[in-house]
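Protein sequences appear in the order of chains C and Z.
Counted from 1, the first sequence has number 55 at position 55 by the numbering used here; the numbering is strictly sequential.
Counted from 1, the second sequence has number 201 at position 201 by the numbering used here; the numbering is strictly sequential.
Hints are computed from structural coordinates only; laboratory data are not their basis.
Each hint should be verified, as a subset may be incorrect.
Any copy will do: because identical chains look the same in the list, a pair fits if it lies in one copy or spans two.
[Unchecked claim] For lysine-lysine, the following BS3-like pairs were computed, each having C-alpha atoms within a straight-line distance of at most 25 Å:
#  : residue 1 : residue 2
1  : K303      : K75
2  : K310      : K73
3  : K303      : K162
4  : K58       : K162
5  : K75       : K98
6  : K225      : K58
7  : K310      : K75
8  : K104      : K212
9  : K73       : K212
10 : K58       : K72
There are 2 protein chains.
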Amino acid sequence: MADLPETHVLAIASHVTSGYVGNTMATFCMQTLGCEVSSINTVNYSNHVGYGRFSGRKSSPEEVAELYEGLKKAKLDNFDMMLSGYCPSATLVEQVGKIARELKLRATTSPGSFFWILDPVMGDNGRIYVAEDTVPAYKSLLQDADLILPNQFEAELLSGIKISDVSTMAQAISKLHEEYRLPHIILTSVRLPPTTSNTPAASDEDLAADAKISIIGSTATSDMKPRLFRLTVPALPVYFSGTGDMFASLMIARLREAAQSAGLLQTPSWRSPDSVAGPDLPLAKAAEKVLASMHAVLEDTMKHYETVDKRVREQHGNDETQKHLTLTRAAEVRVVRNARALREPAELEGFQARPMEIDA
Amino acid sequence: MADLPETHVLAIASHVTSGYVGNTMATFCMQTLGCEVSSINTVNYSNHVGYGRFSGRKSSPEEVAELYEGLKKAKLDNFDMMLSGYCPSATLVEQVGKIARELKLRATTSPGSFFWILDPVMGDNGRIYVAEDTVPAYKSLLQDADLILPNQFEAELLSGIKISDVSTMAQAISKLHEEYRLPHIILTSVRLPPTTSNTPAASDEDLAADAKISIIGSTATSDMKPRLFRLTVPALPVYFSGTGDMFASLMIARLREAAQSAGLLQTPSWRSPDSVAGPDLPLAKAAEKVLASMHAVLEDTMKHYETVDKRVREQHGNDETQKHLTLTRAAEVRVVRNARALREPAELEGFQARPMEIDA
């Protein structure tokens, strides 16, 4: 713990009373790694929507603005980093952008003193689950973000490029770097279809394997060219809500740690010199630790889930609603009982960033 | 960590974006000790009111009720414990009481399966800082609480007895046990004036020492007589907001741990057999660990405060507002950077519960 720098984070995302998604997930993860977290909640719900029933209300853009103004008046707004996640409307996305830009502007005289991780939560697997006008709202924020964390579908929405293989993925990342001058990008949850070619590229083969999931990251060079790396980990057979928030929040702490190690905290957007290769980037080093931690926590969650699943089949054989609710709860990520795995990721073997080869 | 039982807690209190009071303090403390915490926020403020400026809004009783209904519908309401703190109105106090009673009622067939810690936040040092009608609202809840944590002034409000010495304090605790059939009581932050007698009782002398602060606890015997113990710790010269919430939340985890060790988790309200003396109660054992943890965290906070204080005197010599804001922030309890002290309280020597002698 002693080596993690003290980091003040403004976290703007959803809040649930029960379970772990949005700020409820992110706040605990960041605090466990020693961050001072100020959370502004974009919704206050009883639980995540995967249960099929929930209560609570959305915050208005005015409420979010008002809380931020309160922090400013009490001189509590000197943040080192900001993490923004789910927003229930385009106007709230715009409000979050206003806050981030203000913090960024104030930091111009002190390069590297503010870093914004933007998770453009819009949809997954080909389906948008926010209002359509949220997409252009996010696009207008990209030029001010330091790192974005879209999943494959969100990267398609933002870049306008359909990602069907390693090559189109690299094109999408290149376009985001260039068009928005985005310093860092990580594509999460990448699953590409098997290549139809008879001699698939090694990287395609790896990414296509059903039981694996990859993240692809890149820090732009000084001329905005991508430096790609990939990290592939075993996929688990159950869908766990909140893993995107878990990834983003752990990246907050681990990226600052890695940037500090690399002596980049006074460099704009913590960008590495052009001589650093993709897999050696602080972005890659941070992601290795994050994925090692997450894998340990999710494996324990999986074990718990399987125990409950077995019991549920015996107890509620035919009550589908009860079964769904019980299993959804059993799939809540067990971060609290696995805080040690967050603080001290086990061996990184098997979680090493590798270069991405792209067919020309 | 492995010895702390998995505990599902419903926490109803205030939320602040920045700093550590109410649920913002309590949630982190309980999660760090491995509890699954579901938090419903009674207010959402930018920061605590000690800064002299803040923004945000109160939750209505309807909003609190709605979130709880949401949990019920999603079958997420099987709580082992509940912690309730600051409520901004009497009607919200009543709403919290409704929820607690419902959870208690459902647990009647399974004694010990639900435990409610009620912190009747009303005022301090002779001053009420909530609406006057909050006092009777809290009184009407006492009969259903398992443990209450009033400070000295709140104990006076609830018992109707002016506490001026050890004897009147014991009377107040006796009355609360008897009148409301309250199983457990802890008076926090007790500072009694020096006795005027020439031969003060040893206990009075101890409590009166300026640089010390005591808590006085009791678990009722089967005929509702008090079994008193006291714990006296060095007081620090700075006022730290949120220490009451820190105490209450750490008690949640440590009391369940102590009750489990004593084999009381299936006993109504976890009450010890009459043969157990005050200082040997699980309530006392839990409080020892809690105060040891708190003392370590507050000492580190004090060190931080002193560093800032020195710097502030040099920088903002005459700007009283800036000085006040900076020092108020410096007094935010450093729980996040001292999570280890919460999980692993150092040696308990110096934090041992002792019997209370009362002059007849």
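These are the hints, each one checked on the structure:
no.	hint	in the structure
1	K303 with K75	between (45 Å within a copy, 21 Å between copies)
2	K310 with K73	between (54 Å within a copy, 23 Å between copies)
3	K303 with K162	neither (36 Å within a copy, 56 Å between copies)
4	K58 with K162	neither (32 Å within a copy, 46 Å between copies)
5	K75 with K98	within (18 Å within a copy, 39 Å between copies)
6	K225 with K58	neither (39 Å within a copy, 49 Å between copies)
7	K310 with K75	between (53 Å within a copy, 19 Å between copies)
8	K104 with K212	neither (37 Å within a copy, 46 Å between copies)
9	K73 with K212	neither (48 Å within a copy, 35 Å between copies)
10	K58 with K72	both (23 Å within a copy, 20 Å between copies)
The structure does not agree with the numbered hints 3, 4, 6, 8 and 9 stated previously, though it agrees with the rest.
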